[in-house]
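Undergrad: Residue numbers (the working numbering), protein chains in the order written: chain A, 1 to 357; chain B, 1 to 357; chain R, 1 to 292; chain P, 1 to 257; chain E, 1 to 257.
Because the hints were derived from the structure by calculation, they are not lab data.
We treat Cβ as the ideally placed atom computed from N, Cα and C, and that holds for glycine.
Be aware that one or more of the hints could be misleading.
Which chain P residues stay away from chain A? Per the calculated CB distances, all over 10 Å, these [stated by the list, open to error]: (1) R59; (2) V181; (3) T235.
EDC-like cross-link-like pairs, simulated, lysine to aspartate or glutamate; straight-line CA separation at most 20 Å [said to hold, decoys possible]: (4) E:K248 to E:E238; (5) P:K168 to P:D65; (6) R:K280 to R:D59; (7) B:K351 to A:E235; (8) E:K9 to E:D213; (9) R:K214 to A:E63; (10) E:K168 to E:E29; (11) R:K214 to A:D193; (12) B:K351 to P:E55; (13) P:K122 to P:E106; (14) R:K214 to R:E242; (15) P:K248 to P:D234; (16) P:K143 to A:E23; (17) P:K109 to P:D126; (18) E:K143 to E:D93; (19) E:K143 to B:D52; (20) E:K195 to E:E3; (21) B:K351 to E:D93; (22) R:K129 to R:D196; (23) P:K107 to P:D127; (24) P:K195 to P:E32.
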Amino acid sequence: MSDSSEGTGGLTYDKSKRQWPNELNVLAALILIIIIFEILGAIFMQQSLLFDTRDRFDSIFNEARLRIIIIQVAIIGIIALGVTQVIITAGIDLSSGSVVGATAMIAMSFAQVAEVSGAPNPKAIFGEWALDLPVIVPVMVGLGVGMIAGLINGFLIAYSRIPPFIATLGMMLFARGVAQWWSLGNPVSFPTDAYAVIGSGMNPVIIFLGLALLFHFIMNYTVYGKHTYAIGSNEAAARMSGINVPRHLLLVYVIAGALAGLAAVILTSKNLTAQSGMGLSYELEAIAMAVIGGVSLFGGRGSIIGTVIGALIIGVITSGFTFLRLGAYYQEMVLGMIIVGAVALDQWQQKRAAARA
Amino acid sequence: MSDSSEGTGGLTYDKSKRQWPNELNVLAALILIIIIFEILGAIFMQQSLLFDTRDRFDSIFNEARLRIIIIQVAIIGIIALGVTQVIITAGIDLSSGSVVGATAMIAMSFAQVAEVSGAPNPKAIFGEWALDLPVIVPVMVGLGVGMIAGLINGFLIAYSRIPPFIATLGMMLFARGVAQWWSLGNPVSFPTDAYAVIGSGMNPVIIFLGLALLFHFIMNYTVYGKHTYAIGSNEAAARMSGINVPRHLLLVYVIAGALAGLAAVILTSKNLTAQSGMGLSYELEAIAMAVIGGVSLFGGRGSIIGTVIGALIIGVITSGFTFLRLGAYYQEMVLGMIIVGAVALDQWQQKRAAARA
Amino acid sequence: QQIGVSVARFDDNGLTVMRNGMTAFDEANDDVSLQIEDATDDVAKQLDQINNFIASGVDAIIVNAVDTNATEAMSNAAAAAGVPLVYVNRQPINMDTLPEGQAFVASNEIESGTLAAFQMCRDLRAAGKSGGATAYMLMGQLSNQAAVQRSKDFHDVIGMDMCNFITLIDEQTANWSRDEANDLMTNWISSGEPFDAVFGNNDEMALGAIQAMKAAGISMDDVVVGGVDATSDALLSMQAGEMDVTVFQDLAGQGAGSIETAIALINGEEVDRTVFIPFKLVTPDNIGDFLQ
Amino acid sequence: MSEYILETKGLTKHYGGVHALEDANFTLERGEHVAIMGDNGAGKSTFVRQITGVEQRTRGTVVFDGEEVSFAGPLDAREAGIETVFQTLALADDLNVPDNLFLGREKTKWNWLGPFRRLDYKAMRDDTMAGLVKTGVKIPNIKNTIANMSGGQRQCVAIARTATFASKLTIMDEPTAALGVQETAQVENIIRTLKEQGESLILVSHNMRQVFDLVDRIIVFRRGRMVANLRVEDTNGEDVVSYITGAKTGAEFEGAA
Amino acid sequence: MSEYILETKGLTKHYGGVHALEDANFTLERGEHVAIMGDNGAGKSTFVRQITGVEQRTRGTVVFDGEEVSFAGPLDAREAGIETVFQTLALADDLNVPDNLFLGREKTKWNWLGPFRRLDYKAMRDDTMAGLVKTGVKIPNIKNTIANMSGGQRQCVAIARTATFASKLTIMDEPTAALGVQETAQVENIIRTLKEQGESLILVSHNMRQVFDLVDRIIVFRRGRMVANLRVEDTNGEDVVSYITGAKTGAEFEGAA
Ligand SMILES: Nc1ncnc2c1ncn2[C@@H]1O[C@H](COP(=O)(O)OP(=O)(O)OP(=O)(O)O)[C@@H](O)[C@H]1O
Ligand SMILES: Nc1ncnc2c1ncn2[C@@H]1O[C@H](COP(=O)(O)OP(=O)(O)OP(=O)(O)O)[C@@H](O)[C@H]1O
Ligand SMILES: OC[C@H]1O[C@@H](O)[C@H](O)[C@@H](O)[C@H]1O
Ligand SMILES: [Mg+2]
Ligand SMILES: [Mg+2]
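Just chain A, with the same shape it has in the complex:
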């Protein structure tokens, strides 16, 4: 039982042949995609995607590009952190995009200023008292609404045994209805200055990476993380092993809801407006990030780091398309192929690793 032994029965185990972690494959895909864009950039644009070829910055990188690559995925990335956990339990969350829409409308109504250019703001939902509230109010409302949506999802899935696809599909429709009903389809704009700070500049990125780090730790080193993986791996076994599966699932969906709520707050703050159509199809993008990052839809496998890299892959692709000025019609086609390609690469790597072993 010395620290160096890996097993029992005095068997030798050849450590050098250990399979490398899956995240490395995803990282390799990211690097491959960057290289492809650099090559295409050099050929067609005589420019580099990530490096500064025009001496506009003090560094060797094109800083503006690096920043937008991550800014544009930070908000959906925050949603994807929750979606990752849900998928690891072998669940799915189709509601996150619509929950963002509903939460955006509701939170923003508590973030409005009283005066716009000398005239009282015409869009307040609740009347005078709800204007110019301290920034904590809309933030808490946003988190709260997201958590309630998550609580309902979790309750339906964990206690009513409704398949996650259906429960969250129902919530998707419900939340979309709420988003439109809230202000009868009218946009809600003009937040307080304090609220506008949340989503400005690199703040979304800082929040995204900070939360990623937190959840990376939680998933790997805490009981919560272990039980999340266990449930996704074999729910019956987890139940028989004495895990309170329903309570745990509830917690997972509430966390996912809170993250969607937070994303809505940042989104409205960044755009200084809330629109009922906001968040549309974010759920698919968040799921794509997780899955490109190696999270298995059958549950039990995946990681936060993988999802973060998955988000970066989507960010690089989006920026790369604009960089190459790829025609708008082709972007969706190529995006579709790249998502499939990234996962195919990952599959092929794993197969090769298994065969070569």
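Position chains B, R, P and E with the ligands relative to chain A; hints supplied.
TA: Chains B, R, P and E with the ligands in isolation, oriented as in the chain A frame:
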């Protein structure tokens, strides 16, 4: 080994306690929903949903309503027949809606007339030769495009081992891009009279029910059906039992693609136009029909009959909302709740049946 | 009277203004009862909604078409059931052959993009850039006819002799969304290409571009930004000297007008088959007319 | 304190038309080791599942440790003091050996963090090694996932899990079915240790030699019913087989099967 | 025609750092019945998986029926004439007993319909009954899904499946592990019948009595290597155990494990 024995070892088996088929639960849900609408109608509208209370028809039913209930779900219902088979293999098809969009555009370009109101149709994609073609051409093109999409899905899933969610998500993006690129976003209209017949009147319903019957037989009484269930139940076991799993999966996705292509043909014929946004989110509705009808997203369980009843449930709800003049904002909310409720009812029935047994 | 209304989509800013006009009319008139449905941008669903209205026995139907090419099937369905039908906001394809008892209250989408693009061209000339100017265009959803039309309008304008000094650097879709436009504009800025004008197919996207440019430290005096819709956010931005051009259409008026026309049809009155409501250009010079 | 650790009265379970368990009246004294034998499909595992709350019984009562109980799930049963090795093993395929061994009762630090308390990987690893050595199984790398273990290795992990935690009653459903000669001997030693420590045990097994070596009493099930209750010293292998096959039925169970 | 039905040379399988099977040189004569024994994790099932194409080997060759083969999957192996009862059973949980028994080779009518040919339910049901009776298992309702079967019932279905179809080589990986006394006896009868019919067999088993009763020769695996090759008439239980535990190693395998 007489015909009447149900097992081996001379054990008695109490047949009277057999669990009733799951389809009966779904049917019960349908009837329950109808009754609720009838009660609400009597209270709030002093009218009946399904019966003729205004003497507008010669029968005791409101025939216009009965017809629209099924017409409005027939086209997505056809897609759902394929989606049902895909889900039974433990797969998923997120691409069917976009495939409908792409196929609609392409098929319709081969269905155009030469003369519209005296002027040659300005929207033909291919020029003169492609106008006024026999109706078989656009129909075959539609089926063909759908099958190619299905073939690609199937190949990625069966041979490249890419999870169905990702493969069909990629196809969803790809096909959406194709739909928009085809005529650069412009609608394609003015089909020949022969083409216009396909989707007119009750034809979509006849095609839907005919196909449902055909696939009901296939799923229950043929090798194809048995292997579809076996793969969804335990893919490894199916493989070890000697089923050629990849080849079978390919076939399943090609059939699903062909059905989506057919749906696109009927859809464009019914609306006399093709538009690149067509089919948007049909995939979710088709999946909802299947799942409400009792198809398990974990694979191995479900039936065509269940899906047909699931489609009827959605049709009744849609018409019922208009009948009750329910505000549009509430419709999505209530639809979300009803989908969840129908599945919850089913879950509860099954649990009760198991407990009571 | 019971009138069924099918609107292309509920979460659309412009169409919401139109809907508000209808609702206001409904509330002011006791004898009218509206049932407004959301077609969620689905042609087939819209046709089904019309058939559902017919099954429910409404007195008239108002349609804001998802796809103006799909109106023939709708006209046929309503005519067969003998229910009056009014198209609103978007001009039906079968305008020349509209059956008895049908009419339309609409605007011509070609105007909106042309008005905005031409004014941007004039602004660029006025800024002394007639020797050569560059522009980006943010397109709406590629499947949407307003997006297709307005993009085409822009191309047509910069193809005219007077405006062909403008070169389009790139055009991409931001799906009508401020957030996507903000990110897309930031991506463009990161390529370092200098530009003089940005045209958004709608105001939301123009506003997203403005936010991205401000974040990148670009002075809004140096760039001509145009949009369509004249939303209150856009008017405010114009007052602040950021947005330069937008286009207003009297959507609330269209909404109310469509109901009046429907009622006239129900009563068997003689009505104009076409009620044409023009777009109006909005610039800092006449913005006062549009602030409420 | 009642003399019985476990008592069932009229315990019955029907699955639709299948009467898997019918009217089982069973008692187990404190510290007693009892074997349950019977044909495949006789209802042995069904009996185990009703006691441990994996399923809800059709009717009947269960008295555990002097109190009438009705566990909502296996978690309740475990918390009441019943450790079970299920025939299906109940392992999470994607987790490694220590994770499985401690599933649901991890060793932790920073416990004030509630569900987010930190796992003490080192302590669990050491205890896992100790537990596995008791079963005699050889596992090259305990950090591999359970999906990569052989049939016997899986079974040993499940047994080590049960043996690692003290309980009032241990239930093992065919624990050595997949085990090799050496591992079987080790697991039998574990059971003997339990006996010495005075813990009660229910052992489901098809292995006649094992049963006669280890337990005090043998219960035979046939077609869902108890048909014999035999002290080992009063019976022999042949006798037991005749109960299993239905050649004989215990006097007190006449009219049963 | 070669004298061997199966021959492996240097067959090796590594899973990452785990050397599960190392350099196995194995021969099986036509009509011969051989047992493979060894500790849990010794590599027995790994050996079976390499031969039947379930996994791809790291290196080595397999010669079946005189030809070098490299099956892409178990379907190929079956088509070549190898029937296997896997340790994991390979049953489809949601299908019923006859469906599982005939999975992949259904009895059909209207065969010109290709994949859409019609199933002959009646014929399959009757054959299923016959197959099950041979194993002696009691199943109250064969139309229930496999998920609802007891451990032993599942195993009997898998065995009946193999026994129903003729083959050149039958491989059974611990076929009686979950079986009761009677069922075990029946399955052993099935194996004896195969012997009489001259079919070759590889039997993986931990049951010493069974092995000595049934086979001609015993191969022992230890830590992934073959360590003994014993004719049953030249050995006894104690001897075999000393090979299993490593107390002895066969002369020709010196330096192996
Ligand atoms: N996919 C895999 N990945 C890693 N290791 C594996 C894998 N499959 C098996 N092993 C390891 O290979 C070794 C041999 O396993 P195998 O299943 O062949 O054992 P066995 O002799 O059949 O044992 P048992 O009697 O328990 O069935 C074991 O140590 C097992 O942990
Ligand atoms: N969920 C279920 N639905 C229907 N029948 C079931 C279900 N579970 C078990 N059965 C049936 O109940 C009977 C008893 O099963 P049980 O698992 O208790 O047998 P067992 O005595 O443990 O057999 P084995 O020795 O093979 O493990 C069997 O005939 C089995 O088919
Ligand atoms: O259909 C969607 C579009 O409709 C236009 O009329 C409007 O100007 C745009 O802002 C956009 O919402
Ligand atoms: Mg059992
Ligand atoms: Mg094995």
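Undergrad: Compare the structure with each hint and give your call.
TA: Results for each hint:
Interface exclusion of R59 of chain P from chain A stands, the closest Cβ pair being 23 Å apart, more than 10 Å. Residue placement check: V181 of chain P keeps its beta carbon more than 10 Å from all beta carbons of chain A (closest about 15 Å). No beta-carbon of chain A is positioned within 10 Å of the beta-carbon of T235 of chain P; the least distance is around 33 Å. This hinted pair checks out: K248 of chain E and E238 of chain E have alpha carbons roughly 11 Å apart, not beyond 20 Å.
Note on K168 of chain P and D65 of chain P: the hinted pairing holds, with a Cα-Cα distance of about 8 Å set against a maximum of 20 Å. Note on K280 of chain R and D59 of chain R: the hinted pairing is violated, with a Cα-Cα distance of about 33 Å set against a maximum of 20 Å. Restraint check for K351 of chain B and E235 of chain A: satisfied, since their Cα atoms lie roughly 18 Å apart, inside the 20 Å limit. The suggested pairing of K9 of chain E with D213 of chain E is violated, with an alpha-carbon distance near 28 Å, which exceeds 20 Å.
In summary, the hint linking K214 of chain R to E63 of chain A is supported, as the alpha carbons are separated by about 17 Å, within the 20 Å threshold. About 11 Å separates the Cα atoms of K168 of chain E and E29 of chain E, which keeps this hinted pair within 20 Å; it holds. The hinted pair formed by K214 of chain R and D193 of chain A meets the criterion: a straight-line CA distance of about 16 Å does not exceed 20 Å. Straight-line distance between C-alpha atoms of K351 of chain B and E55 of chain P comes to about 11 Å, which keeps the hinted pair within the 20 Å bound.
Distance hint between K122 of chain P and E106 of chain P is fulfilled; the C-alpha atoms sit about 11 Å from each other, no more than 20 Å. Straight-line distance between C-alpha atoms of K214 of chain R and E242 of chain R comes to about 9 Å, which keeps the hinted pair within the 20 Å bound. About 15 Å separates the Cα atoms of K248 of chain P and D234 of chain P, which keeps this hinted pair within 20 Å; it holds. Restraint check: the Cα-Cα separation between K143 of chain P and E23 of chain A comes to about 18 Å, which is no more than 20 Å; the hinted pair holds.
A threshold of 20 Å between alpha carbons decides the hint, and for K109 of chain P with D126 of chain P the separation of about 16 Å falls inside it, so the pair holds. Taken as a hint, the K143 of chain E and D93 of chain E pair is honoured in the structure, with Cα atoms around 12 Å apart against an allowance of 20 Å. A threshold of 20 Å between alpha carbons decides the hint, and for K143 of chain E with D52 of chain B the separation of about 45 Å lies outside it, so the pair is violated. Restraint check: the Cα-Cα separation between K195 of chain E and E3 of chain E comes to about 17 Å, which is no more than 20 Å; the hinted pair holds.
Between K351 of chain B and D93 of chain E the alpha-carbon distance is near 19 Å, which keeps this suggested pair within the 20 Å criterion. Of the supplied pair hints, the one linking K129 of chain R and D196 of chain R holds, its CA atoms being roughly 9 Å apart against a limit of 20 Å. Taken as a hint, the K107 of chain P and D127 of chain P pair is honoured in the structure, with Cα atoms around 10 Å apart against an allowance of 20 Å. For a cut-off of 20 Å, the pair hint linking K195 of chain P to E32 of chain P stands: about 8 Å separates their Cα positions.
Checked against the numbered hints above, the structure breaks hints 6, 8, 19 and satisfies the rest.
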